[in-house]
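Peer 1: Given the coordinates of chain L, assemble chain H onto it according to the supplied hints.
Next come the chains, spelled out residue by residue.
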Amino acid sequence: MTDIQETDIVSRRVNWHSKSQKDRLESRYRKEKIFKALAVSSLSIAIVALLVVLVSILTTGISGFKETRIELDIYLDRDIVGEVPNLDAAGLKDHYATININSLLIKSLQKKFPEVSSRRDVFSLLKLFSVGAQSDIRDTLIADPDLVGKTHTISLLSSSIVDMFIKGKILRDVEENNRKISDQQIAWLDQFELEGKISQNFNWTFFTNGDSREPELAGVRSATVGSLLTLFVTFIISFPIGVGTAIYLEEFAPKNRYTDLIEININNLAAVPSIIFGLLGLAIFIGFVGLPRSAPLVGGLTLALMTLPTIIITARAAIKAVPPSIKEAAIGLGASHMQMVFHHVLPLSMPGILTGSIIGMAQALGETAPLLMIGMVAFIVDTPGGIMEASTALPVQVYLWADSPERGFLEKTSAAIMVLLLFLIVMNGLAIWMRQKFEKKW
Amino acid sequence: MNMVNLTDELEAKADTSAPKIRAQKVNVHYSSNHALKDINLDIYPNEVTALIGPSGCGKSTFLRCLNRMNDTIDICKVEGRITLDGQNINDKKIDVVELRARVGMVFQKPNPFPKSIYDNVAYGPRIHGIAQNKQELDDIVWSSLKKAGLWNEVHDRLDASGTSLSGGQQQRLCIARTIAIEPEVILMDEPCSALDPIATAIIEELIEDLKNRYAIVIVTHSMQQAARISQKTAFFHLGKLLEHGDTTTIFTNPVHEKTKDYITGRYG
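Here the protein sequences come in this chain order: L and H. All the letters of the first sequence, read from the start, carry residue numbers 1 to 442 under my numbering. All the letters of the second sequence, read from the start, carry residue numbers 1001 to 1268 under my numbering.
Next comes chain L alone, as it looks inside the complex (with noise of 0.2 angstroms):
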């Protein structure tokens, strides 16, 4: 109070109106500007990038949900197929597993084509005809035995190069060398299409099928059911000793040099590249442990070690987040330390910690580098029936699609992400909607 009263009070009026005043006023208002623009501009780009993913995406991808089929009429020749055996569905299944469905086909193409003679055009007439073509006429068989010995219509899949042209991946004007198809599979291809017999159907096979090195054959459905089995294991580890441990380190721990070193290293592994974490549950897990390669256990003890870090500082930050005055309450109330934290402070950071879970699990679905490491990249074509069993997961799947020299499975590739894209628009929509039903108002 002194000091004021010692000093010089000099009272100074500010001109509002000056030029100098008038100036400043303008340079602000043209700092506000710029800053406005310059964010504009930014979440400009990135949208618009966003939207070039998007489409690209959208636009090879899209194509990948159809297949290509063909009409044929197949003469289920006795003398190939032989008398039909009397028993159940599965055991028909086997038994046709054995007999010469290539045959039937063959015979049925050149009936239709009688000027197709030499060995060589039948096989590039055959070519146009996936090998999923057997199952085609095996399931017709299976579905209605009486229809042996008489000709049926079966609608066929036709090959990988045979949808592309279809699809018009694959251009007629180049020249013939240049491209996979002849012109005479063209030709043959025209005269079912002027039969109308060629159609385009929604590819379910997309999803039912595992991996094949046919692009037309290939799906989805072992990586989505070993992403799910891995994602599986990697929570079941991760969040209860991911909150735990955040629960432990704010609520319980003493703040001292030790707690302090935790929590640096915490922080710290949440920036380590994800292929450290791939390295590492291949030398323990694997390597000192001697866990099956491949395996969603794995896989998703590793994700696990790297989806921890993620848990424990979002669920630090919502237990921080809890109010002061509710702990207060509580502990003035009579309630223990721990009765506090699971009675009041968990459930009101559960929506946080929960967000932060999701967020994380939706990281660990996406991560390809780890599963490299420990053999998750392997071709798998059988979905896996549990965590123990070899699987691939779906952004390898598409790593290893991406890699592949086939034009279709460039479609393959995009439907792929389309597939992983909504899982996590799924997970992430989750996440916000926990948020909003869990969340409570104080």
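Each statement offered as a hint is correct.
Below 30 angstroms or equal to it, Euclidean Cα-Cα: the simulated DSSO-like pairs (lysine-lysine) are:
id : chain 1 : residue 1 : chain 2 : residue 2
1  : L       : Lys327    : H       : Lys1146
2  : H       : Lys1092   : L       : Lys255
3  : H       : Lys1146   : H       : Lys1115
4  : L       : Lys127    : L       : Lys197
5  : H       : Lys1077   : L       : Lys320
The set of hints was computed from the structure by calculation and includes no laboratory data.
Peer 2: Using the frame of chain L, we list chain H on its own:
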């Protein structure tokens, strides 16, 4: 409250002559900051003891010593002897949870749990296992709300969130929550500072009423409030207890010059 009334009560209850809480040579340090210096103060049952003094003088710190709320602050060190019914509350044998159930607390800012009104009041009885069944719990909740003067306003919406009430109602809910576990002492840390004059008047009436059953210690910045509701007043200044005694004496005939300046509004 006048002296005649007070003596009536003193005569009515024989054990009121013994202090409920006795603080002897209490010193509190926050790291290097010596926040309370040699405080000696007795709190009597069925009385309101007001703690007054300028901001930062240590009255809230002292209040929080009485139910060991300062335990939650790592850097806070409490020395000296505080007894509740002759028992040292800082004794290792004393369970802090039981202590806080016996010495309840109402905070400056109303802090109901973001739960229903019913659950707010029922929380204490639940964690202490006071009610044997649902019927008993209902009785405790209803009578606590009645004692806190909130029953008429909320009886038809006990499922509504405690945070949906007005500020004054929230504070009375907090009082109901505190008295639901039947404490022996209630500590109030500026309970009316966030409230308007009407809500304040209601709370003051409530305190007047509650004092018949509990010992009440209240921290307040309002001289008028201290004069209106308390029987004993303690004046804190810079971590020291400068003066304490009957409210009427402190307000009419303060010994210390600083006390006089403070209560007349010339200082602080």
